[in-house]
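Trainee: Which chain is which? The protein sequence lines are X, G and E, in order.
Heads up: the first sequence begins at 1 in the working numbering, then just goes up one per residue.
Heads up: the second sequence begins at 1 in the working numbering, then just goes up one per residue.
Heads up: the third sequence begins at 1 in the working numbering, then just goes up one per residue.
Rather than coming from a laboratory, the hints here were simulated on the basis of the structure.
A quick note: this is a predicted structure, and the numbers were derived from the prediction, not measured.
Careful, some of the hints might be misleading.
As the list claims (entries may be wrong) - What follows is a set of in silico ranges between Cβ atoms, one per label pair, in the way DEER data are often shown:
1) G/40 / X/44: 39 to 49 Å
2) G/36 / E/33: 30 to 40 Å
3) X/91 / E/69: 52 to 62 Å
4) G/41 / E/39: 44 to 54 Å
5) E/41 / X/91: 35 to 45 Å
6) G/84 / E/56: 32 to 42 Å
7) E/95 / G/8: 52 to 62 Å
All residues carry an ideal CB built from backbone N, CA and C; glycine is no exception.
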Amino acid sequence: MIERSHHDMGGLPAGKVERSEHDYADWERRVDALMVLLSGIKGAQKLLTVDELRKNIEAIGPEAYDKMSYYERWVVSITQTMLQRGVITTEELARKMVEVKHRG
Amino acid sequence: MSELGKYAPLTYFQLMEVSLRELLVEKGVVSNAEVDAVAADMKSRGPERGARVVARAWTDPAYKKRLLADGTAACEELGLDVPALRLVVVENTPEVHNVIVCTLCSCYPRMLLGLPPDWYKSSNYRKRVVREPRAVLAEFGTRIPDSVTIRVHDSTADMRYMVLPMRPAGTEGWSEERLAGIVTRDSMVGVALAQAS
Amino acid sequence: MVEAKFQPGDRVKVMKAYPLGHIRTPYYIRGCSGVVERICGAFPNPEELAQMRSGLPAQPLYRVRFAQADVWPDYRGGRGDTIDVEIFQHWLDRE
């Protein structure tokens, strides 16, 4: 139902709250740090707003949203925002991902 | 190279993190040193910072008044650096119990308390605590009688919220440091009460 | 900034609309009536910021307090229970 966005979930039925916690992995902390730096909370740049971050998370389809972890959603959203802002291009990202993957 | 080293391949999302970061470094947008420094800084922020604020409020009524009027200024008064945080502190009393959520994403006073726990960000918490707070609190082992008003705070915009839990009985004469030691993160989110033991 | 229309204590009603875009007024509160608990200040409009626009002029943001019994038809809890939500002025009408 498009009138209610998937992320806008207050009041929907759900099961028990699992009181899970996990120690954040280094890559997750780096994603968090990128957000802090790019949004200008720290450092000189202001290349994204938390509002764009949220919008791009909200644009993740419901199935993917549910399957992805919190920082997986963030890294996708930050990357989308950088593409939208023209800081990086899809081609640059593609080439870099191939390069990193083959580095092993 | 991921911290998993040679022993496990990067997931798609870890690959994206490395790739995005390297591109941004190449373009001079950020440096690896900056990223590591900010990550380390966030790691150093934890609930003990909020606990100091609570302990001060418990022992100094004038400070408590200032805290309830302007949470951010009161944190800064204690030398706590809280960039970009607009903090509203809500007080638990014998008549009122407060609990915090962000149903739309997971907003949390990170710069004061550090990164939130997984359960706070979970769909089940975000869905249910606004509609059945007593049931959710009971799952945390916290029973609030019907005679006590429950106020839920949904952080939908620019403010961030922290609960000032009630000072438990049996702590008379305790030092601020000792008091800070019994203030838990869960009591500052509102799913638990501060306890003396 | 846009001038504040409401004061603490005013009864307000949230617009019962379901538009598209990035929205910080939760679905569950639309169409509900509550009382302004405080004026939080004026902030750039997040709906506009999300679209890479400035969000200016800054819009008044209110903390509005709703009775839970008014929000959920099946609310099982104290009759005094409330939920506070931050809502931007353009989503609110006087009741």
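Trainee: 35 to 45 Å was suggested as the range; check whether the CB atoms of residue 41 of chain E and residue 91 of chain X agree with it.
Mentor: This hint holds: roughly 43 Å between Cβ atoms.
Trainee: Given a hint of 52 to 62 Å, does the C-beta separation of residue 95 of chain E and residue 8 of chain G actually sit inside it?
Mentor: holds (58 Å)
Trainee: Is 32 to 42 Å right for how far apart the beta carbons of residue 84 of chain G and residue 56 of chain E are?
Mentor: violated (18 Å)
Trainee: Indicate whether the distance between the beta carbons of residue 36 of chain G and residue 33 of chain E respects the range 30 to 40 Å.
Mentor: violated (50 Å)
Trainee: Is it true that residue 91 of chain X and residue 69 of chain E lie within 52 to 62 Å of each other by Cβ?
Mentor: Given about 56 Å between the Cβ atoms, the range holds.
Trainee: Could one say that the CB atoms of residue 40 of chain G and residue 44 of chain X fall in the range 39 to 49 Å?
Mentor: Violated: the Cβ-Cβ distance is about 19 Å, outside 39 to 49 Å.
Trainee: Please test the hint of 44 to 54 Å on the beta carbon pair from residue 41 of chain G and residue 39 of chain E.
Mentor: violated (33 Å)
Of the numbered hints stated above, those contradicted by the structure are hints 1, 2, 4, 6, listed in ascending order.
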